Structures are given as structure tokens and as C-alpha cells.
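Protein chains: 2
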Amino acid sequence: MSSILATIGSNIKFHRKKLRLSQEQLADLADLHRTYVGSVERGERNISALNIEKLAAVLGVEPAKLLESKPNQIDDK
Amino acid sequence: MSSILATIGSNIKFHRKKLRLSQEQLADLADLHRTYVGSVERGERNISALNIEKLAAVLGVEPAKLLESKPNQIDDK
Chain A
1 MSSILATIGS NIKFHRKKLR LSQEQLADLA DLHRTYVGSV ERGERNISAL NIEKLAAVLG
61 VEPAKLLESK PNQIDDK
Chain B
78 MSSILATIGS NIKFHRKKLR LSQEQLADLA DLHRTYVGSV ERGERNISAL NIEKLAAVLG
138 VEPAKLLESK PNQIDDK
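Chains A and B, in that order, give the protein sequences. Just so you know, we're using the numbering used here here: the first sequence kicks off at 1 and counts up by one. Just so you know, we're using the numbering used here here: the second sequence kicks off at 78 and counts up by one.
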């Protein structure tokens, strides 16, 4: 798995859980499919810039934030 | 044109010029096609996370940096 895809996936999951959204709710709000959001969170999809932008908008963060590796971030399973 | 694609394109161009690389040199170093890099710089392509990572590695910046909007950045045509 690419480290950038894993980083993006983990950041999306982190911010989604912070907002207490399910994958399905996030997917609906971002106009994406639930299974797609799941695979992005697992770092399995080479997500595009436009989908990063869509998810960031729903999560209320700057798109760049979703690419930042945060070594101290708690891995919230 | 999406603002995120324009931002990424402008950031790539900015860092490429800082390193005095041609589009062709950047493309070769990142193992991408020159015309692809040109269209990304013009904000015409929905670039993927893995290609953002490849270009950032050659440009010597964190991938997240390429998504940041910098209102004060001089538009270096």
C-alpha cells in the first residue's frame, strides 16, 4: 500500500469519526459511493484531487490537511 | 476549472521553475509524460494522489504543500 494513500485514508477516517459520521453519511454528503469511501479509508484507492476536495469540504478541513502525515495522531480504529 | 486543480497546477509550476526544470525534465524525473505534466500545470487534469506524490518527490516538497493555496504567491508566468 502506498504511504500517501494510507495517510489520506487514515486522515479521512479520523475527521469522519470526529464528526461522528458513518461512511455512508460521509459518502452521501460528498456525493460518492459508500464502498468507494470505505476503500479510500483503507488506502486501497488512488483517489483524485477532485474527490479529495469533495471529502475535505464535507469534513470541514483544507484539502491539503488530508495529505499531511501526523506521526502523533492516535490510530482510532 | 476547479480551484483545487488550478492550485495544484500553479504550485507544481512554481516549484518546477524554482528548480529551473523544464516540463520535460520534471516529467522524465517523475516518470510521467511531458504533455501530462503540462496539462496538470494548467489545471486541466484531475491528478491522482499517486501522481501528486511522484511530482512532490521530484520537487522536494511534501505532497500536502502542492494542495495549499497561497494567496500571496507571485504568479510566475
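One or more of the hints may lead you astray.
[Stated by the list, open to error] With a straight-line Cα cutoff of 20 Å, these simulated SDA-like cross-link-like pairs (lysine to any residue) come out: (1) B/Lys131 <-> A/Ser2; (2) B/Lys131 <-> A/Phe14; (3) B/Lys147 <-> A/Glu68; (4) A/Lys65 <-> B/Gly137; (5) A/Lys70 <-> B/Lys95; (6) B/Lys142 <-> A/Lys17; (7) A/Lys18 <-> A/Asn46; (8) B/Lys95 <-> B/Ser79; (9) B/Lys142 <-> A/Glu68; (10) B/Lys147 <-> A/Ser10; (11) A/Lys65 <-> B/Ser125; (12) B/Lys131 <-> A/Ser3; (13) A/Lys18 <-> A/Ser2; (14) B/Lys95 <-> B/Val138; (15) A/Lys65 <-> B/Glu145; (16) B/Lys142 <-> A/Asn51; (17) B/Lys142 <-> A/Ser69; (18) B/Lys147 <-> B/Leu106; (19) B/Lys94 <-> A/Asn46; (20) A/Lys65 <-> B/Leu127; (21) B/Lys95 <-> A/Asn51; (22) B/Lys142 <-> A/Ser3.
These aren't lab readings, by the way, just hints derived from the structure by calculation. It should be emphasised that the depicted structure is a prediction, and the values quoted were computed from it without experimental measurement.
Against the structure, the hints:
1. B/Lys131 <-> A/Ser2: With Cα atoms ~11 Å apart, B/Lys131 and A/Ser2 stay inside 20 Å; holds.
2. B/Lys131 <-> A/Phe14: Measuring from Cα to Cα gives roughly 25 Å; hence the hint is violated.
3. B/Lys147 <-> A/Glu68: It holds: about 17 Å lies between the C-alpha atoms, which stays within 20 Å.
4. A/Lys65 <-> B/Gly137: Cα-Cα ~18 Å, so holds.
5. A/Lys70 <-> B/Lys95: Distance ~27 Å between A/Lys70 and B/Lys95 Cα, so the pair is violated.
6. B/Lys142 <-> A/Lys17: Judged against 20 Å, a Cα distance of about 25 Å means the pair is violated.
7. A/Lys18 <-> A/Asn46: violated (24 Å)
8. B/Lys95 <-> B/Ser79: Not OK: B/Lys95 and B/Ser79 at ~24 Å, beyond 20 Å, violated.
9. B/Lys142 <-> A/Glu68: holds (9 Å)
10. B/Lys147 <-> A/Ser10: violated (25 Å)
11. A/Lys65 <-> B/Ser125: holds (16 Å)
12. B/Lys131 <-> A/Ser3: holds (12 Å)
13. A/Lys18 <-> A/Ser2: It is violated: about 24 Å lies between the C-alpha atoms, which goes past 20 Å.
14. B/Lys95 <-> B/Val138: Holds - the C-alpha atoms of B/Val138 and B/Lys95 are around 12 Å apart, at most 20 Å.
15. A/Lys65 <-> B/Glu145: holds (9 Å)
16. B/Lys142 <-> A/Asn51: holds (17 Å)
17. B/Lys142 <-> A/Ser69: holds (12 Å)
18. B/Lys147 <-> B/Leu106: violated (26 Å)
19. B/Lys94 <-> A/Asn46: violated (27 Å)
20. A/Lys65 <-> B/Leu127: holds (16 Å)
21. B/Lys95 <-> A/Asn51: violated (29 Å)
22. B/Lys142 <-> A/Ser3: holds (16 Å)
Of the numbered hints stated above, those contradicted by the structure are hints 2, 5, 6, 7, 8, 10, 13, 18, 19, 21, listed in ascending order.
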